[in-house]
Amino acid sequence: MSTVVLLVITGLGLGALYFLVASGLSLIYGLMGVLNLAHGSFLTISAFLGWEVGRRVSDGTWLGLAVSALVGIAVGAIVAALTEYLLIRRLYERHIEQALVTVGLSLASVALFEGIWGTDPIYTEKPDWLGQTTVILGAKIPNDRFLLIACALLVLGGIVLFLRRTRYGLIIRAGVENRSMVTALGIDVRRSFTLVFAIGGAAAGLGGVLSSVYYGYVSAHLGSTLLIFAFIVTVIGGLGSLTGAAIASVLVAVLQQFANFYLGGTGDLVVVIALAAVLLVRPRGLLGKVA
Amino acid sequence: MNDRQTLGSARQTTDAAASDSTTAPAGTAASARRPLWLALGGTALVVLLALLPLLAIDIPGVLPGPTYTPGTLQLLAYAMLIAALALSYRMMFGLAGLLSFGHALFFAAGAYGLGMALDAFAPVEWPSELIFLVSIIVTLVAGLVLGATVGALALRVTGIAFAMVTLAFAQAGSVLIRRNPGGATGGDEGLALDITNVPDALVGVMNTRNLYWVALGVLVLVYLVVLWVEKSRAGHVAEATRENELRVRVLGIRPYRLQLLIFIVASVLAAVAGMGYVLLQSGATPRIATVDFTLNLLVIVVLGGVGYRWGAIVGGIVYTLLDQRLTALAGSDAIAALPDVLRIPLSEPLFILGTLFILVVLFLPGGIAGIPQRMRTGRKQHPAEAEETADA
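Same order as they appear, the protein sequences are chains D and S. Note that my numbering numbers the first sequence so that position 12 is 12, with each residue one more than the last. Note that my numbering numbers the second sequence so that position 200 is 1200, with each residue one more than the last.
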């Protein structure tokens, strides 16, 4: 029993990370049709800069972590908005080229991070409480899982409120639904493209700082590993669906944990098989709209 | 039977299109002579490349040494194998419009397959030539089966979802190789080639030029197969599907089988290049199965020019040479003396290549192979783009 609880909560924590990356990917793809392969780089740069600033302010304390998180969010949003403005915007409606530009960006940026911070993981300090465990139903749960889950829930709630309650959210939702109609109504939908990129980048930035807490290190390849699973989550959940991404993140991460424990570390393979199965049975994903 | 009929009608349409273009008499004469010149030029180039190990051509800055030295031959052979791989990738991405993120899987299948087959057959008491041949055949069959399985599954979806399924399979393959099941793949360390049954002519530094000829042979073989597929009816239909799938379906052709055929042929060709790779490098590392490796292929194909067959070759060779020379440059004193702001980006070859790639996508949509065309027509726009606007 305690093992199952541990696996479920750890899975939820990992799912929270997947969701932070996948939410941005899904929104960006849903609104603009852009497959953003540079999303992992947004995460990595935020993790590095958040760590650099956080440890200078106060290493290994809650204040340091809070500063890291704020810096990470800001860096992610700015870098993502700049990417959209400088690179993606020039190639509107040419989806393959847009994907290619993000491929180039991710290759170049990972190489740059390796040049600056080296190829080895750098181990980070975190507040003492996060390194301890809490006993729930007989299972010793590492406390950082709770932080991850809480943050992901906050982000999910925040994005949903933004999409439902604000005018910009309305435009974005309408744009995902039918972009040409929104344009025909005289609304410049392109302005919301930058906004969506910034939101996705901010979520990925927070994900970067949190993943350095979860894994205990920062490295130039932090983003690429998470990005592959985030892609799988996005496709399983349905491209463009935020709720779908949330559900799929939890499903994928919990499945992965269970397979890792009970099937001898085959978590990654099981996830891939799950993806293939979903695509064959239901190619548009769990909650995706009909293409 | 239905399919045969529809194929026939597709040929009629292409024939009709061909006769349209031949109405201009001057065009006919020129276009009849061009393939001959191209074939002659290509043969001359292959002969020149085949003679390189016997010559002492030194291009400072581009090649590490004169062309007869093993180091240079090794680099050139590697570049040609990458070019062959890129050519097979272009057949899927450029010709059939299938954006796959999993092509590295088949290259790795070729490299690891041959290595593992040689390992597995090592204790058998057959003559070593026979074992070598059987290993190659086993690897080819494995590549064929793998390509057919992945292709049949992945082609059930299109577009981005197709890219994702291929990505997922490649990721699964990469994980498997790293996990080292039964000690067969060597895990993160990589697989060392067991040379007991490899012909002596293909082993050792002194025989690098034989390996160079093998690599050249692989490149020529892949080129000829790609050319054959591209000129065949299947190739034409695949090309038509890329441009407008609905129109092809309305003509009554089901593109699935032809796309699958292209997928399988490309996979087997990738496996052939992979077998060359494992012989040349005397081993395989898990790096060649990663998604990053496929992304590099994508970079190579786009850098060279998606619209041109020889673009993939140019891209593969330019990319490999650049990568190698930039790495050498990164270690040089001139770079080490620079301040950090310049030194760090310049000492990362992938950073320079990635940036170069972004610039090519933004400002040079035809790639390197498209430059002559751009200079001739003086057109600022991508040719494909102009067609699109004319269509709309």
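Keep in mind the hints are simulated off the structure, nothing from the lab. Warning: the hint list may mix true and false statements.
Every beta carbon over 10 Å from chain S, so not counted as near; a handful from chain D, in silico [as the list claims (entries may be wrong)]: (1) LEU37; (2) ARG90; (3) LEU100; (4) ALA111; (5) LEU263.
Using C-beta positions, here's what the derived DEER-type ranges look like [said to hold, decoys possible]: (6) VAL1145/S / PHE261/D: 47 to 57 Å; (7) GLY1071/S / LEU154/D: 48 to 58 Å; (8) ARG165/D / ARG1325/S: 25 to 35 Å; (9) LEU1338/S / ARG90/D: 41 to 51 Å; (10) ILE187/D / ARG1233/S: 41 to 51 Å; (11) ARG1287/S / ARG55/D: 26 to 36 Å.
Here a beta-carbon is modelled for each residue, glycine too, at the ideal position from N, C-alpha and C.
Hints and how they fare:
no.	hint	in the structure
1	LEU37	8 Å, violated
2	ARG90	6 Å, violated
3	LEU100	5 Å, violated
4	ALA111	4 Å, violated
5	LEU263	12 Å, holds
6	VAL1145/S / PHE261/D: 47 to 57 Å	32 Å, violated
7	GLY1071/S / LEU154/D: 48 to 58 Å	57 Å, holds
8	ARG165/D / ARG1325/S: 25 to 35 Å	56 Å, violated
9	LEU1338/S / ARG90/D: 41 to 51 Å	31 Å, violated
10	ILE187/D / ARG1233/S: 41 to 51 Å	47 Å, holds
11	ARG1287/S / ARG55/D: 26 to 36 Å	32 Å, holds
Taken one by one, the earlier hints fail for this structure at numbers 1, 2, 3, 4, 6, 8, 9, listed in ascending order.
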